[in-house]
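Dock the two chains into a complex; use the hints.
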Amino acid sequence: MALKGIRVRVEGLTKHFGKVVALSALDLDVKSGELVAFLGPSGCGKTTTLLMIAGIYQPTSGSILFGDRRVDHLHPRDRDVGMVFQSYALYPHLTLFDNIAFPLRLKKTPSADVRQKVQQTADLLGIAHVLERRPAQVSGGQQQRAALSRALVKEPQVLLLDEPLSNLDAQIRLQARGEIRRLQQELGVTSILVTHDQAEALAMADRVAVFSTGELQQFAPPEELYDRPANTFVAGFVGHPPMNLLQGTFADGQFTVGNVHVPVSVTGPAGPGYLGIRPEDANLRGTVPAKVVLVESLGREQLVTLDLGGPSVKVLVEGGTKPSAGAQVGFGYTPPSLHRFDSAGTRIGS
Amino acid sequence: MPLLPPRWRLLLLVLLGLSIPIIAGFIWLLLTGWFDRVHGLIPAGGFAPENWRFLWETVGGRPPVFVALRNSLIFAVVVATAEVLIASMAAYAISRLSFPGRSLYLGLVLVLHAFPAVSLLIAIFYILRLLGLFDTLIGVILVKASLELPLGIWLMKGFFDSLSWEMEMAALVDGMSRWTLFWKIAMPMVRPGLLALATFALLSAWGEFIIPFTFIVSSRSQLMSSYLQSFLTEAFSDFGMFAAVGLFYAIPVIALFLLGQRYLLNIYSGGVKG
Ligand SMILES: Nc1ncnc2c1ncn2[C@@H]1O[C@H](COP(=O)(O)OP(=O)(O)OP(=O)(O)O)[C@@H](O)[C@H]1O
Ligand SMILES: [Mg+2]
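So the protein sequences, as listed, match chains W and D. Our numbering applies: residue 58 is where the first sequence begins, and numbers increase by one. Our numbering applies: residue 34 is where the second sequence begins, and numbers increase by one.
The shape of chain D in the complex, shown without the other chains (with noise of 0.2 Å):
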């Protein structure tokens, strides 16, 4: 590697002076996980394997960690989904037919993504009780996807209006109906941004927190984020625990970054010419 530059040497050491408390968060979670006591960010205490006996035992009346992970898998990955499929069509629709309403249409989809979700959270609660759906995966799942579209129609939205117009035509001399070339000719040909869609999305509904604290109370329904939260509102917070299901919280979005990490560098690097 080439030597650089001393003013960006001076300029790397800026940056790393300003990443330190973050890389310092990081460093004290991966010690008070496994030690027994840290002080600063020095061990004390010896290896201390107990701080994830959750993983093999109930701790405190809480449900097995693997029913908060496998509802907090579920909530994500069909989020996810669902966010892509809805949010996609809409765009597509908004970027490519004529229809009465359009530009209300689109006009709305931008307020409500600038509109503070934290403020509607009584008003859904209403909403889900009414439907019946308070206190259900299923519920918060609606919930969380509705809140997150805005954003995702408008991503892709720009993604459709950078596509030719004559490959559409040329589909449709082909011989393809409107739906048929959605799919085999738009969809295929927005892969990237597919992919950003779906990956936003699934860290944002794998970190969320405030919906399903909110809306889901039975231990049977609990997602990760509010099991965690658990361990912080005892009288006597457990440290050690607190950060060992910390760390296992994390393990499926970086097993995520890398199994994907090859494939998403392939997919924006392979450019289309002309």
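Here chain W stands alone, though its shape is the one from the complex (with noise of 0.2 Å):
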């Protein structure tokens, strides 16, 4: 089975309900036979934007292209897109070769074929054995893989998953994690998966959509999300633990946050605005007097807390050195790994 992946564009994509702006002018464009994954808290219209490009619902406003043919008025039978739904949603009164073949069987396909090509994709997919079953007879992890071979087994050009993985226990999940995006590379089906799993959508995609309320803070592949995040929102929505970060002001090398002062390199215009350090970036040999609040053990490393007058920020320390609650420490970073916005929360510098 070898599928023909398909750009997809999204241009001023945007969805009301009633008077919920679900979905605010979102552009994007996925290229071919690439995996992205929509990233967001709840409500912020991951599933919104999937469904409108499944066709189940009607933007607002706005334009989808498959290659470059526009979609956005097609039924959802005529573009060729197959979905993994995050309930399953597999017909409870049909075995799962029924349930896969569904597709086929609608498409007219002559039941030779329709037989050889549920056969294919589930021995792909290692649900062979149950195939005569129905959904009830069979596992979570089973049930995932039915719903993903029937949206498979019609090849379709766009793969759709929304949030595949959030049903299954934390050991299938990550081996399923793994599966899916071996499986989408060997396949080539341009995919979009919705998450809000940050770890998920890090480890599989190659590029990241970050949602909040209905609006696209950025898209980049993950190590860039990591490294140089937009704004405010992602810096604080992607990593864990999540980043520091202060409001105060730059000004004469220095951030001041009430009467503490943290030495800054970075270059940039003085002013208010938001200094952000990662955890994993900071640490206890610095020149900012800290009080240690409280120690927590992740197993190899120690996440502390230490109050530095006014402002807390996190520091993960590796093992060895284990601070205790209410020493005087210094509070320091690793000088290149620093973030800094401006007030309204926009990144500053590269």
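Below, in silico cross-link-like pairs of lysine-lysine (BS3-like), each with a Cα-Cα straight-line distance of 27 Å or less:
1. W:88 / W:61
2. W:165 / W:61
3. W:174 / W:164
4. D:217 / W:174
5. D:217 / W:165
6. W:174 / W:61
7. W:164 / D:217
8. W:61 / W:164
9. W:348 / W:371
What the hints contain is simulated information worked out from the structure, not anything from laboratory work.
Rendered as structure tokens:
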């Protein structure tokens, strides 16, 4: 099975539900064969976007293009997409075989072809031995694979996955993550994966689109999201534990918040803004006086919460030097790793 | 079977006591149907198969009983079929589609359901006469089906409401139209509801009396219920034959239960996970 991936473009895509703006003016360009993850908190419009691409929802405005073809007024069946839903949405009254065969039969595929394609897809996903059972009679992982098989069996141009892993338990989830990615790369199908698990998005996707309340915040490869977050939302959302964000004023080579002064090497105009330092880039060997408030063990490392005399920050400390609560330390960071944002939250500098 | 705790035994006795009048009624019916006379619940006089002679001869100018039986069967089956079909389509539309006037329609259905049908009898009489459907089987079928529809719509709406939206979305993505989706996905998934509605509709139509009694006068269109009632109107009522006809009238219902029982139990216990 080899699929023909296609370029997916979304221009000015907007969706209103009555007064609720679920998505506003989204522009997105997904390359052929790419896997893009939609990442964002609950209710930010990820599913809505996916359903518009699938053709379930009509956009309020904007256009959707597959290749050079505009598809936003086509019925879902004419769009050639496969979709996996969060609840899997398998038909409970049909066997897995009939579930997977369903889209083929609707296309009036000859029954010998149906049998062969269903078998091939089921083999690929390792559920060939449970095809005669109904959804209620197989495990959650097998249901998930059946849903994926049903999406793939019609050899779609675009594969849409709405939180396909969120109903699996942690162990299978890791395994399924790898499998989906491997399959997607082998088949070369253009894919969009919705998730609110950043680890999943960063691990699986070629590029990640970060959403917040109906707006795209950043669309970039995982490393770039991490190294150069476009704004304070992405900075706080991507990375675990989250980045420390301090609001204050930049002037004369230092950043001031209250009566705390942090030396800053990055260039940029003086004025109010945000300073961002990731816990893993911070250390206890600096010059800013701080008091240890809390030490949490993460196994190999300790997450230390510091009070800078007003603002508090979190620092990730390697094992060995275990500080104790109440101790006085000096807060610092490894110089090039600092992020600066203006007062509106937009990144300054590279 | 484990012995019931004493408190339960007491409860059982109370329930039994409450059921005695009904049980006695059934016993009376059975005995009176087969014996000459019954005093209290004790048969007196001999075994009386002639109570059942309505089966092979016409009694006192009435139509043959099999005409009434056939009419009742047609009436019940057509009413139930129409009700299930129309109610499920209407309920699906109300549950899933948004169209102007949807909530008004919903409220109207509720009001209609609460409305006592008997108060409409005279109005319905005029309408049937106007349409030329008075004293016809099709006329009473239409009346009964429309009066029962609101209940059916509400029942089925509840079932459709509980279907998952994602399932329907999946069907659309798989290539279905809304129409095929309704028949191939939605309807099979509300099968317990369809079955419950069909059973209720069938029983309600089978036992329906006031509508056929009011709107059918000629004997060739008579239903079982009015046929049975006609044994009570004579100066001298033949209780024995009345009971026999009553038993005969109940046979199809009992047969339906015996045949359908296993199927019904199967359907209701066939739950679905996830
Ligand atoms: N059919 C609908 N009718 C009205 N409002 C809707 C509908 N679908 C979504 N919304 C609203 O649109 C917004 C975006 O919803 P959406 O389902 O796209 O969020 P999401 O990012 O997928 O969230 P989650 O991670 O919880 O699935 C929410 O405010 C939601 O309440
Ligand atoms: Mg969602």
